[in-house]
Amino acid sequence: MPLLKEFDQKDLVAVGRDLHRFASELYPICRSITGSGIRSTLSRIQLQIPLEVSEVPTGTPVFDWTVPKEWNIRDAYIKSANGERLVDFRKCNLHILNYSTPVHATMSLSELMPHLFTILEKPEWIPYRTSYYKENWGFCLSHNQLLALADGEYEVCIDSTLEDGHLSYGEYYLPGRTSDEVLISCHACHPSLANVNLSGLSVATFLAQCLAGRDLRYSYRFLFVPGTIGAITWLARNQKVASLIRHGLVLTCVGDEGPFHYKKSRRSDAEIDRAAAHVLAHQSESSKILEFEPYGYDERQYCSPGFNLPVGCLMRSVWGTFPEYHTSADNLEFIRPQHLAESLRVCVAIVDVLENNRRYRNLYPHCEPQLGRRGLYSATGGSAIDADINARLWVLNFSDGEHSLLDIAERSGISFETLFEAADLLSDKGLLSTQDGGGSAPGRAAWQRDKVNCT
Amino acid sequence: MPLLKEFDQKDLVAVGRDLHRFASELYPICRSITGSGIRSTLSRIQLQIPLEVSEVPTGTPVFDWTVPKEWNIRDAYIKSANGERLVDFRKCNLHILNYSTPVHATMSLSELMPHLFTILEKPEWIPYRTSYYKENWGFCLSHNQLLALADGEYEVCIDSTLEDGHLSYGEYYLPGRTSDEVLISCHACHPSLANVNLSGLSVATFLAQCLAGRDLRYSYRFLFVPGTIGAITWLARNQKVASLIRHGLVLTCVGDEGPFHYKKSRRSDAEIDRAAAHVLAHQSESSKILEFEPYGYDERQYCSPGFNLPVGCLMRSVWGTFPEYHTSADNLEFIRPQHLAESLRVCVAIVDVLENNRRYRNLYPHCEPQLGRRGLYSATGGSAIDADINARLWVLNFSDGEHSLLDIAERSGISFETLFEAADLLSDKGLLSTQDGGGSAPGRAAWQRDKVNCT
Amino acid sequence: MPLLKEFDQKDLVAVGRDLHRFASELYPICRSITGSGIRSTLSRIQLQIPLEVSEVPTGTPVFDWTVPKEWNIRDAYIKSANGERLVDFRKCNLHILNYSTPVHATMSLSELMPHLFTILEKPEWIPYRTSYYKENWGFCLSHNQLLALADGEYEVCIDSTLEDGHLSYGEYYLPGRTSDEVLISCHACHPSLANVNLSGLSVATFLAQCLAGRDLRYSYRFLFVPGTIGAITWLARNQKVASLIRHGLVLTCVGDEGPFHYKKSRRSDAEIDRAAAHVLAHQSESSKILEFEPYGYDERQYCSPGFNLPVGCLMRSVWGTFPEYHTSADNLEFIRPQHLAESLRVCVAIVDVLENNRRYRNLYPHCEPQLGRRGLYSATGGSAIDADINARLWVLNFSDGEHSLLDIAERSGISFETLFEAADLLSDKGLLSTQDGGGSAPGRAAWQRDKVNCT
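Protein chains in written order, with the numbering used here: chain A, 1 to 455; chain B, 1 to 455; chain C, 1 to 455.
The set of hints was computed from the structure by calculation and includes no laboratory data. Hints should not be assumed to be uniformly reliable.
Identical chains share a label here; the pair holds if one copy fits it or two copies do between them.
Think about it this way: if two alpha-carbon atoms lie no more than 20 Å apart in a straight line, the pair counts; the simulated SDA-like pairs of lysine to any residue are [to be verified]:
hint	residue 1	residue 2
1	LYS10	ARG214
2	LYS288	ALA242
3	LYS134	PRO323
4	LYS69	LEU244
5	LYS288	ARG411
6	LYS240	VAL56
7	LYS122	SER383
8	LYS429	PHE63
9	LYS10	CYS157
10	LYS288	GLU257
11	LYS429	ASP180
12	LYS122	LEU146
13	LYS79	SER40
14	LYS240	GLU121
15	LYS79	VAL53
16	LYS69	ALA242
17	LYS134	THR66
18	LYS91	LEU116
19	LYS5	LEU86
20	LYS5	ALA281
21	LYS122	GLY382
22	LYS134	LEU47
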């Protein structure tokens, strides 16, 4: 597990601080599914990784959908009769119903009311609401703000444009030894919402940095797309590429203090499902594996029946289940450096399982090989063997060409990491050969040789 | 779910009252496996549904069995020396050991004793006992009655005949669009026992009335047969018909207040097993699914290895597990209008699942189709979707030609009814096509068209 | 189940006494993986059963291993300056690090210390330690003995030899009607350790006596081998024989009071796994089935991937989990006559399942055959059937040529013994035929006849 081992040599506190700082820089931007908000977000990510940005014109058909008009906003407010900005977009970009059409009018409170959104249960928080596919305008405000609005006339202004333009998304492709791909996807369309959006953007960006420049078995594709329409647009334009995806993860809500959750792909027993379940089980007892359901983030599109890609979704708290979700309380305080860093570590661990999961063949399958004379067994008998020796016995016994390391990890309850070290050592000692043309850590000479003969 | 929907528009109280009244009319008849009791029972059912009655002569070989002699009884009593009818068939037809041969003699109590049956634990109840296949005579009485019998001579009379005649059974065939059959079977051979026999007879009769005149996918066959020998006789004479049975239910003990139980067919994963399990799970948390075992009611014969038909058994309390079972306490008080009506509703719901379970094909399988522009999605984003939209996403995602609605119901936990409505709506909107040549509710034009092309 | 039935007619107390007496006779011998200790152990077993002893020369290659030098020991001690034998091999043969090379020297305590082994947690017990594959010498002693050793000079003597010689093992082959084999294997290499070694030796020896002279379906092979190297040696010399092994049991730790444990074979669903699980489930609620893991006793070798034999391991307490394990406290008090006898009974019961497990065919598969007229059913109907009749119904219903008696036992929860009796009776009555050319108890005339026609 070279990736995880190397990651664990880093200062986790510093990693967390960097992740949080990156999220903080992205926080103030008013993103939407199109427009300058997502464009400047992608530009900021480009300072970290060489993202390729695509611009798809309004009106482009993408499966059953059409790329929408581009939305941009400069200002918005509700002013009282005496000119005070009671609701002010400049103070919080959540105040606007995202994708609001322009309006500038004076109207009574009762005319204004159908355009106001609040959360009764959390009277101090501003909700996040959108109206992407039905033209509308509106304001989101705290319920306390609403209660303070007296009868009377209000000046209402939304200085936005909804015009032909482009949908923007970013893509970073890291070539590996094979063209088989691992997809890491996150949406980049929410305004100032930290956990639901910026945590995923940050972890994905830093994961890309961790993997860049390595000798990797798989090629890796990082997507930063507007939710739903972005994934659909990418899939419509990349059907051949999609067929190369062997494993995939959607990242969202990976910055809060909740335990990890992994939502399985539609296939439910894909290798990514098993790898994630294994890593989370060894990460903490409170982590949970969720069955697939169609509703969710962009795994909705990747797991649509026409694609049925092996793409799951990694979260800490599950979106929609915590009160801060889609409110102004999902802010930079709600996500924490430590939690972001742990999430990045889990991603690295999952990638390491994918990179190193392979089938070996025990070259001495009849009875146990004599480990003792190779220095792989305890010299004094009669007392219990230690965990490392036990891992060796597991790897030898089940390396019959049928069981992968992950299979053995699941059956034995031993961590993939420990089994990988055992397999590595046994390979070095000439007791195992590799079965698949999988990747290997630099310097694994025995494998390199074998690889030539593998299909 | 047109059948269930229509059923739910009825007055359940009135339905229950009708069911109980029907059971009450049948209650006094002294039924047995042959003879005038079952014959008059079938006649009474014919007033509700056009039952075809078969008469099979004594001596007819039916597989390993032979149709027995016909039994009829006019009177029976045990008289004290002073002429008092201490045990009187006219008061309760359970007093006779069912199928007793005739006897008229005076004998001492000790001679009489081997012919008397009581229940020690329930000294006020009369047991139900039979001796169909070994000629014998006897009386069933309450244990208190037995204790009151003093030493002395008793006049014992059973005015019965056991002679060559016929075995009678009733059959009602409701043709559907296909010759594939659903079997509804109940025994009609118990004397005054309400739950174990009349509840099933009533619910089956009223279910037949509910289905009559509908445009049905399946053909329905209702059997009213004497237990064991009747089912064996029917199967022996209808082996070709039996091969058309796709789903089947035996009904018994469906009138008491117990929670629902469904005993699975020998196959254990037949569609009827899954349909019943689904309906009961959504009916109440206390309902239970029982594994198949060979002992039971006529599913014993339908599930014999030579037939292995997909026939389960629907009950409320499980026969043999409640103290009233096979005693005089299984009377008209023990069954209740409300419980009978609920049982009928469960049957209708199961039939509706069978009628409407099919595989659809999502015509827009690549990514989600845009539900919003079809009015099938919430216009404002950011808050949770409702259950109906969620059902649509489930149906779309799994309508890959492999998953039936029942498969989706099992995987999602959503009720079949809700999924069916979603599928119906999505079909209307042109997003789904049907896969199987299954039935459809009247007016489902889209399906009717598709059906032509289906195999 | 003729074997178990016959066993149950014995006096279990007497059986237990004999088993324990046999273990007691073997107890004082200083066994090791080679040498006179194991040789005299095999000689003692030969007084019970006609064991064939093999002697394999030192240096013989056996798969990845080589038969080691032969070890013999006459005496060993640590003497104080005043000539007192402080640690005395004659008092307990555990005092020697098993396979110690010879030494005779005077040395200081600090020089001696690296050669001393104790158990800190159990200061009164002597540990059992070995050094088979790395030449070394040492003493095992109680921690209290160690603490009593003052600084000073000690005379250290191990009068052993480690020279070219032989590895000895014993084998008893009981031919049955087929060449398919059941393997019963136990190690015979531990010195005075009662549960971990002598319990298995005793139970295996007495099981062989129980089976000798019977008309058996399978051939039985009993192996008494030194652990690890003995099993490897036998497998290396008997690869063709190994391919005949259909079921196998390793016996160890079968004399203590713990509940039964069965560790499954690597295949995990072999017939031996299911037979053992069935017998243990009906033996006691506290018995447990353990998943396979590579570490253990000689099932390690039988279940190596090149062989993958269906061999499990029967224990009471699991080796390594009780404090007495591999210490002087695993003595003749720790094993009890009753527990040894129960273990033998479990072995007989498992063998009986293997011997009698077969598929039958119901000759009357359409509906139930009429059991009543064959005296196999209750004459009076209306009350519950008894367990014997229920077993008959299960056997009839599932004797479709696909389900074995063990399948039916697992599905019904009824004991194999009860089902076997039902099948036996139904066969006698001409209702069943046997499917497999399986064995049968003497006198099962119907089967004997059928057997001719079976493949």
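**OP:** Go through the copies and call it for LYS288 and ARG411: within, between, both or neither, with a Cα cutoff of 20 Å.
**Re:** both (19 Å within a copy, 18 Å between copies)
Original post:
Can you tell me if LYS429 and PHE63 fall within 20 Å by alpha carbon in one copy, between copies, both or neither?
Top reply: Classified as between; 17 Å across copies, 54 Å inside a copy.
Original post:
Is it within, between, both, or neither for LYS429 and ASP180, if the alpha carbons may be no more than 20 Å apart?
Top reply: Neither: 30 Å inside a copy, 38 Å across copies.
**OP:** Evaluate LYS134 and PRO323 at a C-alpha cut-off of 20 Å and name the case that applies: within, between, both or neither.
**Re:** neither (27 Å within a copy, 64 Å between copies)
Original post:
Given identical chains, is LYS288 near ALA242, meaning Cα to Cα at most 20 Å, within a copy, between copies, both, or neither?
Top reply: neither (28 Å within a copy, 45 Å between copies)
Original post:
Using 20 Å as the alpha-carbon threshold, which applies to LYS10 and ARG214: within, between, both, or neither?
Top reply: Classified as within; 17 Å inside a copy, 70 Å across copies.
Original post:
Under a CA distance limit of 20 Å, which applies to LYS122 and LEU146: within one copy, between copies, both, or neither?
Top reply: Within one copy, since 12 Å is at most 20 Å while 71 Å is not.
Original post:
Should LYS69 paired with ALA242 be assigned to within, between, both, or neither, using CA atoms and 20 Å as the limit?
Top reply: Neither, since 26 Å and 63 Å both go past 20 Å.
Subject >> Status of LEU244 relative to LYS69 across identical chains (alpha carbons, at most 20 Å) >> reply: neither (31 Å within a copy, 58 Å between copies)
Original post:
Between LYS122 and GLY382, at a C-alpha cutoff of 20 Å, which is it: within one copy, between copies, both, or neither?
Top reply: Answer is between; shortest inter-copy Cα gap is 16 Å, intra-copy 65 Å.
Subject >> Within, between, both or neither: LYS91, LEU116 at alpha-carbon 20 Å >> reply: Cα proximity of LYS91 and LEU116: one copy only (17 Å, versus 77 Å across).
**OP:** Since the copies are identical, ignore which copy is meant and state whether LYS79 and VAL53 lie within 20 Å (CA to CA) inside a copy, between copies, both or neither.
**Re:** Result: close neither inside a copy nor across copies, 38 Å intra and 85 Å inter.
In summary, the structure is inconsistent with hints 2, 3, 4, 9, 11, 13, 14, 15, 16, 19, 22 from the numbered list given earlier, while agreeing with the others.
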